[in-house]
Amino acid sequence: MSEGLTKKFMFVNRKAPYGTVYALEALEVVLISAAFDQDVSLAFVDDGVYQLVKGQDTKAAGMKNFSPTYRALEGYDIEKLYVERESLESRGLAEAELLVDVQVLGAAEMAALMDEQDVLLSF
Amino acid sequence: MLHIVNKSPAERTALASCLAHARAGHALILIEDAVYAATKGGAAALAAAPAGLAVYVLAPDLQARGLAGKLADGVTAVDYKGFVDLAAAQPRVQSWL
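So the protein lines, in turn, are chains R and E. Just so you know, my numbering puts 16 at position 16 of the first sequence, and the rest follows in order with no gaps. Just so you know, my numbering puts 85 at position 85 of the second sequence, and the rest follows in order with no gaps.
Accuracy of the hints is not assured; some may be wrong.
Unchecked claim - A few chain R residues that face chain E, going by a derived Cβ cut-off under 8 angstroms, partial list only:
1) Asp77
2) Ser90
3) Leu93
4) Gln103
5) Gly106
6) Met110
7) Leu120
Don't read these hints as lab results, they were simulated from the structure. We treat Cβ as the ideally placed atom computed from N, Cα and C, and that holds for glycine.
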C-alpha cells in the first residue's frame with residue numbers, strides 16, 4: 001500500500017477483559033489492521049486499563065488468556081500504546097503493574113490524540 | 001469530531017468518558033438509551049460538557065420513550081437526516097460503547 005493511503009487508526013479500549021468479548025475482539029482487529037500497513041495506535045481508557053494488568057491467569061476460569069498478545073504487538077510494528085493516567089489512578093493501578101511498555105497520558109492529552117486520528121474504532 | 005453515545009448515563013460511563021474527551025468544536029449526539037441525558041430530568045449528566053460542544057439528540061428515540069416534551073435546554077433535536085448531516089459535517093466520528 002502506498003504511503004499516501006496510510007491513515008491514522010486508533011483503537012479505543014474501554015472495557016475490562018473476560019467479562020465481555022470486546023477486549024479480545026479488539027485485539028483481533030488490531031492484528032488484522034497491522035497487515036494493512038496503517039498508522040495504528042491503541043488507547044486504554046476507563047476499565048480498558050484492566051486489559052494490561054500483569055499476572056493474568058485464566059487457567060482456573062477455563063478461558064483463553066489473551067494478555068500475552070499485547071506483548072506480541074511490537075512484532076507487528078504496533079508500538080503506540082497509550083494509557084490514560086486518570087483511569088489507572090482511579091483503579092489503584094500503577095504503570096509498573098502493566099504487562100507491556102506504554103505511554104501514560106492525561107485525559108486532555110488523550111483527547112488531543114483522538115482529535116488527530118482519521119479513524120476511531122471503539123471496543 | 002461527532003461523538004455518538006447510546007447508553008443511559010445511569011447505567012454506563014460512556015457519556016461521562018465522552019464528555020471528558022470531547023473538545024470545543026465537536027458535536028455530540030445522544031441516541032437510543034442515551035436520550036435520557038437530553039431530558040430536563042436527566043440533563044445533570046451533561047453538566048461536565050466542555051464549552052463549545054454542540055449537543056444533539058435523536059428525536060425518534062426521544063419520542064419512542066415518551067420524552068419528546070421534556071427536551072433539556074441547550075440540546076437540539078434532530079431526525080435521522082440531521083444525524084447524517086452531523087456525521088458528514090465533522091471530520092471523524094467516535095462511538096462510545
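Which of the numbered hints are not met once you compare them with the structure shown?
Of the numbered hints given earlier, those the structure breaks are 1, 2, 3, 4 and 5, listed in rising order.
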